[in-house]
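With chain R fixed as given, assemble chain S onto it according to the hints.
Number of protein chains: 2
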Amino acid sequence: MKINGKDWKTIWITDDLEIKVIDQTVLPHEFKIKTMRNIKDVYFGIKNMIVRGAPLIGVTGGYGFALGIKEDSSDKNLIKCSNYLKSARPTAVNLSWAIDRIYNKVARIEKSERFSFAIKEAKAIELEDIEMCSKIGDNGLKVIKDIFKKKYFEKKNKIKNINILTHCNAGWLATVDWGTALAPIYKAHRENLNIHVWVDETRPRNQGASLTAYELQSEGIPYSVIVDNAGGYLMQNNLVDMVIVGSDRTTSNGDVCNKIGTYLKALAAYENNIPFFAALPVSTIDWSLENGVNTIPIEERSEEEIDFLRGLNNKGKMETIRITPIGSKSYNPAFDVTPSKFITGLITEKGICKANKESLKSLYG
Amino acid sequence: MKINGKDWKTIWITDDLEIKVIDQTVLPHEFKIKTMRNIKDVYFGIKNMIVRGAPLIGVTGGYGFALGIKEDSSDKNLIKCSNYLKSARPTAVNLSWAIDRIYNKVARIEKSERFSFAIKEAKAIELEDIEMCSKIGDNGLKVIKDIFKKKYFEKKNKIKNINILTHCNAGWLATVDWGTALAPIYKAHRENLNIHVWVDETRPRNQGASLTAYELQSEGIPYSVIVDNAGGYLMQNNLVDMVIVGSDRTTSNGDVCNKIGTYLKALAAYENNIPFFAALPVSTIDWSLENGVNTIPIEERSEEEIDFLRGLNNKGKMETIRITPIGSKSYNPAFDVTPSKFITGLITEKGICKANKESLKSLYG
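If you read the protein sequences in the order shown, they are chains R and S.
Numbering follows the working numbering, with no gaps: position 55 of the first sequence is 55.
Numbering follows the working numbering, with no gaps: position 186 of the second sequence is 186.
Heads up, a few of these hints could be off.
[As the list claims (entries may be wrong)] Quick list of simulated restraints, FRET-style, between CB atoms:
no., chain 1, residue 1, chain 2, residue 2, range
1, R, S359, S, N237, 52 to 62 Å
2, R, G220, S, K20, 45 to 55 Å
3, R, K150, S, K40, 34 to 44 Å
4, S, T320, R, G220, 23 to 33 Å
5, R, E154, S, K32, 32 to 42 Å
6, S, E128, R, T295, 45 to 55 Å
7, R, K150, S, E128, 53 to 63 Å
8, S, P90, R, K150, 35 to 45 Å
Derived by calculation from the structure, the hints in this document are not laboratory data.
Here a beta-carbon is modelled for each residue, glycine too, at the ideal position from N, C-alpha and C.
Pulled out of the complex, with its shape left as it was, chain R reads as follows (with noise of 0.2 Å):
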């Protein structure tokens, strides 16, 4: 996607063998990249999320596990290797998924040759996963045109504009390229549909105000920041056309577990009969659980990210305030589960279903 004009990837290697990627601890503010020359480097990256985003971790974590290889590429390397680069992130499901499927695959080889399979393997898993996140926005977009033809072909509207309200960051920030939420906005607006974005600032890390924000002001389409208090006022007053979210996790039954506050946004979606979607690879389908609510571990973060924020002060330095009480308590679970009853449907790299389990199953055919 584009930022100042030019195309980016987040993540690409070099021919000198050097990972490249865009630095997310300082963005919107600043645009850097950041070199990764070793494991090491790799490991503190994923740790201080340089990089984020279950995808991007993954293709992270797969080349660290290269660069790893090509210093000692010994057996006993291989397994130690594995089992730092995982604990960067313990509980990123997908950096244990990409590290897992390059060692299965060198372990079985000479030592002379894991390295540069490994480096096959890890460009493997970003291209796919820059195909995967093309596919779901093409899917998406076929969501989205339908949309339009209601609202103006039906409905006779005449401003030809579409509302989309979006939550946290499922953007091309932290996949590859593209997105998953955010990609069906990219094909639309790249096919000239007039989309406006409304961007929940997706307290308390704010994802949305600074990395949703970025991406779109960046790719040249409108939206406006609005304070995560304000959808359900929003799709009262007819502003809103659809709702596209991402998802963590996926149960058999179509509950979706995403960013805390997703739940709320599908609620006042329901109330009001706007269409709600989750955008999401089939990976983050999970088959062994039918229902998500009270199953679904919540990860409970610090009280810091509620108690301070972090931003541009007025001499264009970072700083990071206090906004509640010295010594007050605050509580932060991190997602939310959002029942299938109130999502309209899914959109996969593989299809577009129902929220329930004959029809998931059904997009494999």
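What follows is chain S alone, placed relative to chain R:
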């Protein structure tokens, strides 16, 4: 209510006829008393939000008007002072109401008696406000006791504690004492009922994270600040026993116009069978309006409230930071309307009633 173990009100007048107020622009990080010696001080105090909250603005305006009359009690000056003060917050209905009430009484009497009469009337408004809030507290206490009873006697739960969620600040800092939505909580705490409050931070102005948290901390009531996104998750997981919010305007049908985000919490409470109450003085009831959605004009406030945040930096100084990308667009509606069907009941100084016209009328016997 208490701050550091001492009883305070938000406003009082000294024997020397100076008005003293708690400076609400620096809370929760600093506790400062401001002195207002003349009508100009009062004008800027209201305009710059040193005092805020509809009832408190009314009382402050009343005293300010009296100080204006002290300087010059002529008919001409009465009108001049009235217009001047009302222009400090043109949309604050209570401000006009308090000034007009005093005006109508003093305009008919001798010039020489006008000042002492105005002060007496301003004091009456102050005392009536305290009395009104205290009664809302007493009536709300009955509701809390009923919920306690249900949870512990009927359902035989073991841990004797009630979790109440509130949005924004409808506490004593918005009134003279007690508050509206928080008054029942203070009354319950003083009767040794074990209450824990979930405090919505209430973006964009964070009145929850700053003022409500400060009030509860000062009064020694257990609470946790949460982001506005978290309430749905908490309700879904049986961590909320009731919701109490304030109301800026209540329609004759029982719709409640309150701080943006209230509606989303009402939807989640309804979905999860959690009692949702609004606490309000009957003066907020607008008998001229039946349905509030799409009829009550919603104030659209500055984008800056979303883009920038103010708090304490690591040097202990107040500092403003920007969180959105430079050049980013935001949209900032300040209130929303919760339709009466999502409201369990209204708590007023005249009693508790259902959120419908018949029940509201019955309050007036």
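Note to self: Are any of the numbered hints broken by this structure? If so, which, sorted upward?
What the structure shows: 1, 3, 5
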